[in-house]
Amino acid sequence: MKKLLEILVIGVVLSAVSFNSSAEIKSLRGPVSLDDESEMFDKRKLVKQKGGFERSFKIQPPLIPHETEKDKITLQTNTCMKCHSKKNHEKEKAPEIGESHYVDRDGNVLEKLSTRRYFCNQCHANQVDAQPLVDNEFAGAK
Amino acid sequence: MARLFRWLTPTLITGIILGVALWGGFNWALELTNTEEFCISCHEMEANVYQELQDTIHWSNRTGVRATCPDCHVPKEWIHKVYRKIKASNELYHKILGTIDTPEKFEEYRLTMAMSEWRRMKQTNSRECRNCHNFTSMNLDKQDERSADRHDPHVWDAVDGKEPSLTCIDCHKGIAHSLPGGWEEAVEKDPILSEGLELDSE
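Quick mapping for you: the protein sequence lines, in order, are chains Z and X.
One point on numbering: in our numbering, the residue at position 37 of the first sequence is 40, and numbering is uninterrupted.
One point on numbering: in our numbering, the residue at position 200 of the second sequence is 350, and numbering is uninterrupted.
Hints were generated in silico from the structure; no laboratory data involved.
Wrong hints could be hidden among the right ones.
[Unchecked claim] Computed cross-link-like contacts, DSS-like style, restricted to lysine-lysine with a CA-CA straight-line distance of at most 25 Å:
| id | chain 1 | residue 1 | chain 2 | residue 2 |
| --- | --- | --- | --- | --- |
| 1 | Z | Lys75 | X | Lys272 |
| 2 | X | Lys292 | Z | Lys48 |
| 3 | Z | Lys90 | X | Lys255 |
| 4 | Z | Lys75 | X | Lys255 |
| 5 | X | Lys255 | X | Lys312 |
| 6 | X | Lys292 | Z | Lys53 |
[Stated by the list, open to error] Derived DEER-like restraints, expressed as beta-carbon distance ranges:
| id | chain 1 | residue 1 | chain 2 | residue 2 | range |
| --- | --- | --- | --- | --- | --- |
| 7 | Z | Ser59 | X | His301 | 55 to 61 Å |
| 8 | Z | Tyr121 | X | Leu247 | 30 to 36 Å |
| 9 | Z | Ala128 | X | His301 | 27 to 33 Å |
| 10 | X | Arg234 | Z | Lys90 | 32 to 38 Å |
| 11 | Z | Gln130 | X | Thr262 | 36 to 42 Å |
[As the list claims (entries may be wrong)] Far from chain Z, by Cβ distances over 10 Å, these chain X residues were calculated:
| id | residue |
| --- | --- |
| 12 | Pro160 |
| 13 | Thr185 |
| 14 | Val215 |
| 15 | Asn281 |
| 16 | Phe285 |
| 17 | Asn289 |
| 18 | Pro314 |
Note that the Cβ used here is the ideal one computed from N, Cα and C, for glycine as well.
Turn these sequences into a full structure, and let the hints guide you.
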């Protein structure tokens with residue numbers, strides 16, 4: 004009887020505690036009830052910047068200063084190479100892909116973009132005009 | 151004379167009615183084959199090129215104008231349209247043969263098919279592009295600097311009424327469907343497609 008009472012008391016206390024803590028949980032969606040629609044975030048457009056972006060560190064893959072909406076990287080073609088390949092970059096006044104991009108994993112220098120550098124957007128990213136949320140004094144290497 | 155009229159009138163009326171019905175029916179059937187619905191009723195089109203189109207600006211854009219298959223692939227003027235339709239009977243033959251009935255086969259033939267369509271466009275001065283796009287109504291100030299620079303000489307050609315040195319498809323390949331592998335080399339080797347391309351290098 005005494006044991007039963009003990010368990011009962013512990014149970015009541017624990018449930019009170021858990022009830023309390025559950026009330027403090029905040030949803031990542033903010034204080035919006037479940038059946039409301041969440042707030043729309045601001046639309047941001049990709050930045051086009053003539054001359055490109057400054058690098059933040061020495062061997063940083065350069066950022067993409069233009070839209071890439073129409074570009075496609077498929078098994079058959081990589082349309083970035085319409086402008087950035089060895090053959091086309093002069094005509095298109097676009098920077099050529101780096102020398103390292105012609106080297107395959109065995110160290111052979113190829114005529115064309117090496118398959119291990121094929122997926123441009125694995126390293127090179129578009130930019131949106133987003134200001135840092137926290138003040139930041141970081142200055143990139145020049 | 152009266153007898154001749156008695157004979158002529160019903161013949162004429164029947165002739166007109168028959169003519170309208172047959173000609174109308176023919177055109178109606180022809181137009182039926184000029185719909186997106188008809189094009190993608192074959193899985194070869196639906197599963198490959200139609201899916202690719204949906205990623206592009208000709209499918210969805212700021213202004214909500216859409217170009218569907220026949221807008222680019224079937225000429226508008228009657229005589230060119232019928233010529234294209236007759237040529238397209240070859241496609242029916244290959245449909246029966248199953249030349250491109252799997253994605254792998256389609257990929258294998260993509261370069262051949264793309265080249266023939268590019269050649270058609272080049273030889274007609276990109277006629278189907280120009281059903282919507284016109285140099286005389288193109289405002290270069292609204293374009294990116296790069297695009298404006300490249301279009302500029304052609305706009306002046308159009309304004310001056312000169313023969314165009316290049317045509318839309320010369321630069322705008324692969325805007326509605328994926329490009330086939332090895333397309334650049336293939337275009338360079340093709341006597342029709344490579345014509346005039348060196349003019350663009352300045």
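For each hint, the structure was consulted:
Annotation: proposed proximity of Z:Lys75 to X:Lys272 holds, straight-line Cα distance about 23 Å (limit 25 Å). For the suggested pair X:Lys292 and Z:Lys48, the alpha carbons sit about 17 Å apart, so the restraint of at most 25 Å is met. Distance restraint check for Z:Lys90 and X:Lys255: the Cα-Cα separation of roughly 30 Å exceeds the 25 Å cut-off, and the hinted pair is therefore not satisfied. With a C-alpha separation of about 21 Å, the suggested pair Z:Lys75 and X:Lys255 falls inside the 25 Å cut-off, and the hint holds.
Restraint check for X:Lys255 and X:Lys312: the C-alpha separation of about 42 Å exceeds 25 Å, so the hint is violated. Proximity of X:Lys292 to Z:Lys53 is assessed by CA-CA distance (about 17 Å); at most 25 Å being required, the pair is judged to hold. A hinted range of 55 to 61 Å for the beta carbons of Z:Ser59 and X:His301 is inconsistent with their spacing of about 35 Å. For the pair Z:Tyr121 and X:Leu247, the beta carbons lie near 34 Å from each other, so the given range of 30 to 36 Å is met.
Here the CB-CB span from Z:Ala128 to X:His301 is close to 29 Å, well matched to the stated 27 to 33 Å. Judged by the Cβ atoms, the range 32 to 38 Å given for X:Arg234 and Z:Lys90 holds: they are separated by roughly 34 Å. Between Z:Gln130 and X:Thr262 the CB atoms are about 40 Å apart, so this pair conforms to the stated range of 36 to 42 Å. At the 10 Å boundary, the C-beta of X:Pro160 stays outside the reach of chain Z, the nearest C-beta of that chain being 62 Å off.
Non-interface status of X:Thr185 relative to chain Z is upheld: no Cβ of that chain comes within 10 Å, the nearest being about 26 Å off. At roughly 17 Å, the least C-beta separation between X:Val215 and chain Z is larger than 10 Å, which holds for a residue marked as non-interface. With a least CB separation of 21 Å from chain Z, X:Asn281 remains clear of the 10 Å interface cut-off, as annotated. With a closest Cβ-Cβ approach of about 21 Å to chain Z, X:Phe285 is found to remain outside the 10 Å limit, as its non-interface label requires.
Interface exclusion of X:Asn289 from chain Z stands, the closest Cβ pair being 18 Å apart, more than 10 Å. Every Cβ of chain Z is farther than 10 Å from the Cβ of X:Pro314; the closest lies at roughly 19 Å, confirming the non-interface assignment.
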